[in-house]
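Chemist: Protein sequence lines correspond, in order, to chains A and B. If you count the first sequence from 1, position 198 lands on 326 in the working numbering, and the numbers rise without skipping. If you count the second sequence from 1, position 271 lands on 513 in the working numbering, and the numbers rise without skipping.
What the hints contain is simulated information worked out from the structure, not anything from laboratory work. Nothing here was measured: the structure is a model prediction, and the numbers come from that model. Here a beta-carbon is modelled for each residue, glycine too, at the ideal position from N, C-alpha and C. Some hints here could point you the wrong way.
As the list claims (entries may be wrong) - Cβ-Cβ distance ranges computed for the label pairs, FRET-style: (1) Glu313/B x Ala200/A: 37 to 45 angstroms; (2) Arg343/B x Arg239/A: 47 to 55 angstroms; (3) Thr456/B x Gly806/A: 31 to 39 angstroms; (4) Asp515/B x Arg672/A: 53 to 61 angstroms; (5) Ala374/A x Pro505/B: 45 to 53 angstroms; (6) Gln469/B x Arg299/A: 37 to 45 angstroms; (7) Phe281/A x Glu450/B: 45 to 53 angstroms; (8) Ala374/A x Gln469/B: 36 to 44 angstroms; (9) Arg662/A x Gln469/B: 50 to 58 angstroms; (10) Glu1072/A x Pro505/B: 44 to 52 angstroms; (11) Asp515/B x Arg662/A: 39 to 47 angstroms; (12) Arg662/A x Pro309/B: 43 to 51 angstroms.
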Amino acid sequence: MRSAAIGMFTAGLAAVGLAAVGVVATASVAGAGARAAGIASPTATRAAAPDFDREIRPVLAARCFACHGPDAESRKAGLRLDTFEGATSELRDGGRAIVPHDAAGSVLLARVTATDLDDRMPPEGHEPLSPAEVEAFKRWIEAGAEFTAPWAFRPLSQPAVPDVLDERWPRSDIDRFVLATRERAGLLAPTADVGPEALLRRASFDLTGLPPSEAEIRAFLAEVGDSPEGASFDARFAAFVDARLASPAFGERWGRHWLDLARYAETLAHEFDYEIPHAWRYRDYVIEALNADVPLGRFVSEQIAGDLLEPRAGLGLPNVAPIGTAWWHLGPATHAPVDVRVDEADRIAGAIDVAGRSFLSLSVACARCHDHKFDPVPARDFYALAGVARNTRRVEAFLESDAKTPLLEARVRAALEDAARLAGVSAAPRRALTAIDGVEVIDVAEHAGPVDDGGWSTSGSAFRTSGAALALDANDRLRLAELGTIDSARVDRRLVGSARSPSFALDRNFVHVRLRGPSTWLRLIIGNYWLDDRNALLFEGMRRRTPDPAAEEKDLDPREWPWRVETFDVSRFQGERAYLELIDDGDGWLEVDAIALSASTEAPRFDVLDGDGPAVGADAAAFADMLAEDGVRARAIEARDARDALVTQPAPVRALVAEDSGTLDEPVHVRGSPRAYGDPAPRAQLSFLSPSTPVEGSGRLAFAQTITDPEQPYLWRTTANRVWLKLFGRGIVETPDDFGQLGAAPWSVELLDHLARKLARGGSLKPLIREIVLSRAYRAAASDEELPSAAWAPLPVRRLDAEAIRDAMLAASGRLDTQIGGPSIPVHLTEHMQGRGRPGASGPLDGAGRRSVYIAVNRNFLDPFLQAFDQPPPATTCGKRHVSNVPAQALALLNNAMVREFARVWGERLAGAASDGDAARIDSMWLSAFGRLPRDDERAMAGEFLEGERRAVADAARRDAEAYAALAHAIFSAKEFVFLR
Amino acid sequence: MLRTLGGGFGMMAFAGLFGRIARADDAQRLLDARALGATHVRPRARSVIFLYMDGGPSQVDTFDPKPRLDELHGKPFPMATAPTQFNNKGTTLASPWKFKRYGESGLPISDLFPNVAKLADELCVVRSMTSSFSEHTNANYFLHTGLGIPGRPSMGAWSSYGLGNENDDLPGFVVLEGGLVPPGGLDCFSAGFLPARHQGTIMRPTGEAIADATLREPADAQMRKRQLVARLDSAFAHDAQSEAIESAIANHELAYRMQAAVPELASLDGETDETKALYGFDAPDAATRIYARECCLARRLVERGVRFIEVTCPRTNADRWDQHSDLRSGHEGNARAVDQPISALLIDLKRRGLLESTLVVFAAEFGRTPFAQGSDGRDHNPFGFSIWMAGGGVRGGTAIGATDEFGYRAVEKPYQIHDLHATMLHLMGVDHRRLTFRSGGRDHRLTDVHGVLIEDAIA
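Extracted from the complex, chain A is given alone in its bound form (with noise of 0.2 angstroms):
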């Protein structure tokens, strides 16, 4: 931030005939003096029409749309000013707000030049408009008012790669674009590009995070000289670069940026800060789909709907892409809420805020209560998206590990049941329960089977495996099994997973479920609400677990179980949606044969049902010699052998994903009550986007492929924006999160549009940021020139992220363990960190050497060394991150633990090597910290202390290795250790 003081000392400068680095103040350059001073540069000419981006719209939208704008619900005597319809139709009492061509005709400017309190706009008790603004609007409705659509709601254009007045300076087409906003704001190119040292630093910081090595700095400087010019250089820095984008390290450093946008946290904050369990395969997934340069467009396609796509295999998983989903469950989230309804709405507006900002850069969230007040996004589009969230459940999925899975669950329930054909085992009708006792049921046999087809869905081998007549016993022999159940016990109890039954209303006062088998668990999941299994509270009992057999029943077959019913009182969330969840995650097994609804607490007569199932046709000893005939044996030894290698499959990985659950739309709530409804929303369909597909299930799918869809700009757009923003510090639009009226225009629109384009049609990250790093935008040298708001400028000296401090002073010291994923370190604990929910254990001070994004996000007990650097709370979507710079900062360089602990080791290991002396560890060191080698004073300097520290130890053999980390100590609270050049 440069303040008007330093503009001021400019001129008193230029008298003295002296340039301040950086600063242009080459007077022939029209305007430059007055920028680099921080004055606004008067607008070209007064006659012109302004422009209706940076003139009239901001002015509009922070002084009318309030009353008159896209909200219908506030706006007032009828006039909105957001639209050309609107602003020129004929007003209530006469006259129109805005008479194209006609200043003097138009209403409002008569209005906003009011003197009578009582007609003048904006109303008493608001700042009436500058005369400067009214100038302009004046100037705009004499050429004719014309409303352009605002810049982020365009088309992507294409712009043509501008000319420039001066060749010398670009490298690329990025260049150009860059160059020409400086000459049209009559700015010259940047005067000097930096050094090698520092560039390599520059990039290996922005690219993966970490600093160069002190080997192949060595090795660069080695090759290329001195001289940062000359295509030898390009083709090394090129190298170095390509090697930055392909290293692990590049995803580590990437993947925290994505963090960031997805708010990822490990627990989920308020009270007790429960984990989210299995977070951390979702911060690898990310981690590893950016090293992998997975297009951008199925990126973010997983993230929304990764459970719906074509597989993608990664994790060492044949499909990785339902773990992006786990992005839907990230939010924080309170146990045991009063009201179910509210909570989830709660739930489900922070996801939608994530996706507004992070794919749209729009506050999308904003339109919960009324329609948005100045961006083109009505109520109804968040509920739109509601209603996608609504149909979409929560699961902690059993995932294959490993792609031959389900062609084996295929194969031992194709055995089975042609098995069962051979042997003539036939289903008998089944008889209705819900002709009796006003009983509704939920038709188990109706939904039962291996295949997610609306009905029941399932995830693991477990519940994949009914579904035949016939059942593999603990002998490996068939035996009859029901028809018309859902069942984990078909082929092995040793198989796991789980399975969940289609939604239904709660409309009855309790839920009776038919069951048997033992050892597993049983959920009523009631409004999408999961806590209960942390914390149950109101939601008491809704979560049980079946006994473990008693002795006797341990042999017993499963068909020989009793049947018994589970009853669940639900009285108090009558008009909710609910779900059965079974979960078999060991050796138990389960098998549901009904769920009724009924009035009454009092079990339904389920014996009813007894009558079904299958059939034999002949006595008991007909059937088993049916079983013994040559084909039938045949298929219970393909049936055994695929079972055999099915059991013997790597175990599935836990993970959270997300589910369809349904196709319920979800209306307006009215100023945002879930008690309120409004008009009808149907999923998906948000009116700006207009989807691409026709929307089938939870409307996820077809809401990721109208946001990926090439000729929308939106997500393309913003993350070009972001892509530059992490290269150069600041974004071409300086608001990252939001494109909307109240954020930032882009200083250049072309560039922007030009960058996005790159990403619209299949592209990934790598290309484009391979090609911003070649450019000579990013070789210039750092400025503190005063940024100009229409063009751009060299970035100026920044300071490391938070992530990337630690991470260097791991790196330097030797102390980094490059070990990629898995779960996370726990958080370290200090005093300071007190509360519920605090961690059992603290984990280690130096984090065991790992780089921090694998450091334990506890929303509640983040690591207060990285939050003091800025690591962003895990609220919302960031998109830029602050950068403070505050006594805080220093106190935790000189003071905290972790630092010291990690000039320790650096010390211990200089020490411990062998020595070349002290000069030679010197120049480490500065390779190492500042990726540079010392100059001659600071080498004098450097081992000068080393000597006194030296002689303030008084055991010998710790000499060196104290000596040395004092030096190392001091080196991480060196500016240059903490500054990007």
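For chain A, the structure is supplied; the task is to place chain B on it using the hints.
Modeler: Structure of chain B alone, referenced to chain A:
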């Protein structure tokens, strides 16, 4: 504004432009920097203690008695009302607490504040405060920064920026964090576009007061490192020509000094038993004990010349002052936590002669509705609520403005948060229209384009 400054803030620009080596004495000057060479009007208060009442206490249950509510209790609320945040409007809800008149002024205060009530003659209650937001986060940003979105400088940051600090070893803006960070988070204490050193420094009332502020090696060992770092940094700063680096160097210097100053400041061992008892160090309620330490620390910060101290609430039995339900128990718990410590703070400042130069402000982001939310709660109400001021330059024993007969809307002398900010700055000697900072091509103020003085509050 900057055009009139002396050697302070300009020195930073000066050093930056000429690429001068930033020596320790330069850093010193940077820390002395104040945007205003002199105050605009006679300062009445050197320091501000802002007692932030997180969540919004109810005006009709604290400082704004409304007997009409008793008459209509349980009946439909008779006035037209704006939509409330939770849209769960119940019937008229009388205050569960009685009001009595206190002091010579006869200022009415409810039974929630029996101790503060004894100091009624020190208080100037503004009963007609209003806000623009009925949602916590926006309202908190508005209360703290004058704009309802994050990213703007906090009032404490403006004070530190405009007036500097009277203690070089401590930050100019300290937030005593009792356990509740306001909705809106640390952005409420941001320096926004002001230089980052004006950002609120978080201080805790127990344990290590400021994280990592304790020296963990022999002083001479640190001194040797410090000298080396200073030499490395000065060369780097010379080379890099960046204000961010200059600022980081200044923060480092401040950090060294904080290591010495903070432990001395934070130790309450030297307080007399009588003082400890006065504040409530041994109160039966844990939240009271925490707030007692916060208030005592606030006094110690004032003694040491810190410009702006914000005090946040401790956790109680309820969620902040935000009683959407169970008003009685929640408000009682919150009042119990703060009543004795606040009265002790006023008494202690007064007997040390500090009250006349310290402005104490008791305020929240909004008040609460006089009608019920559900059966026994109150929703957010930004249309008329009470705040109070005491101390430097404040006319004690007064009540200013009025809400309607039900305590719903300000009807007499309505004031905005901007007016509170203008008045606070005025009492510190600053004309709110003349404390500006240029950013993004325009001069910004804490009060934006608003703000009138609450004249009746000024003695």
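Chemist: Hints first: check each against the structure and report whether it holds.
Modeler: Taking the hints in turn, this is what the structure says about them:
Checking the proposed 37 to 45 angstroms range against Glu313/B and Ala200/A shows it holds: the Cβ atoms sit about 39 angstroms from each other. Between Arg343/B and Arg239/A the C-beta distance comes to about 49 angstroms, which sits within the given range of 47 to 55 angstroms. At roughly 58 angstroms, the beta-carbon separation of Thr456/B and Gly806/A lies outside the given 31 to 39 angstroms, and the hint is violated. The hinted range of 53 to 61 angstroms is satisfied by Asp515/B and Arg672/A, whose Cβ atoms lie roughly 57 angstroms apart.
At roughly 50 angstroms, the beta carbons of Ala374/A and Pro505/B sit within the given window of 45 to 53 angstroms. Between Gln469/B and Arg299/A, the C-beta spacing of about 43 angstroms keeps the proposed range 37 to 45 angstroms intact. At roughly 51 angstroms, the beta carbons of Phe281/A and Glu450/B sit within the given window of 45 to 53 angstroms. Checked against the hint of 36 to 44 angstroms, the C-beta distance between Ala374/A and Gln469/B comes to roughly 43 angstroms, which is consistent with it.
The hint said 50 to 58 angstroms for the Cβ distance between Arg662/A and Gln469/B, and at roughly 53 angstroms that hint holds. Our hint of 44 to 52 angstroms for Glu1072/A and Pro505/B is violated, since their Cβ atoms are close to 31 angstroms apart. As the Cβ distance of Asp515/B to Arg662/A is approximately 45 angstroms, the hint placing it in 39 to 47 angstroms holds. Distance hint check: the CB atoms of Arg662/A and Pro309/B are about 47 angstroms apart, consistent with the given range 43 to 51 angstroms.
The structure fails hints 3, 10 (numbered hints given earlier, in ascending order).
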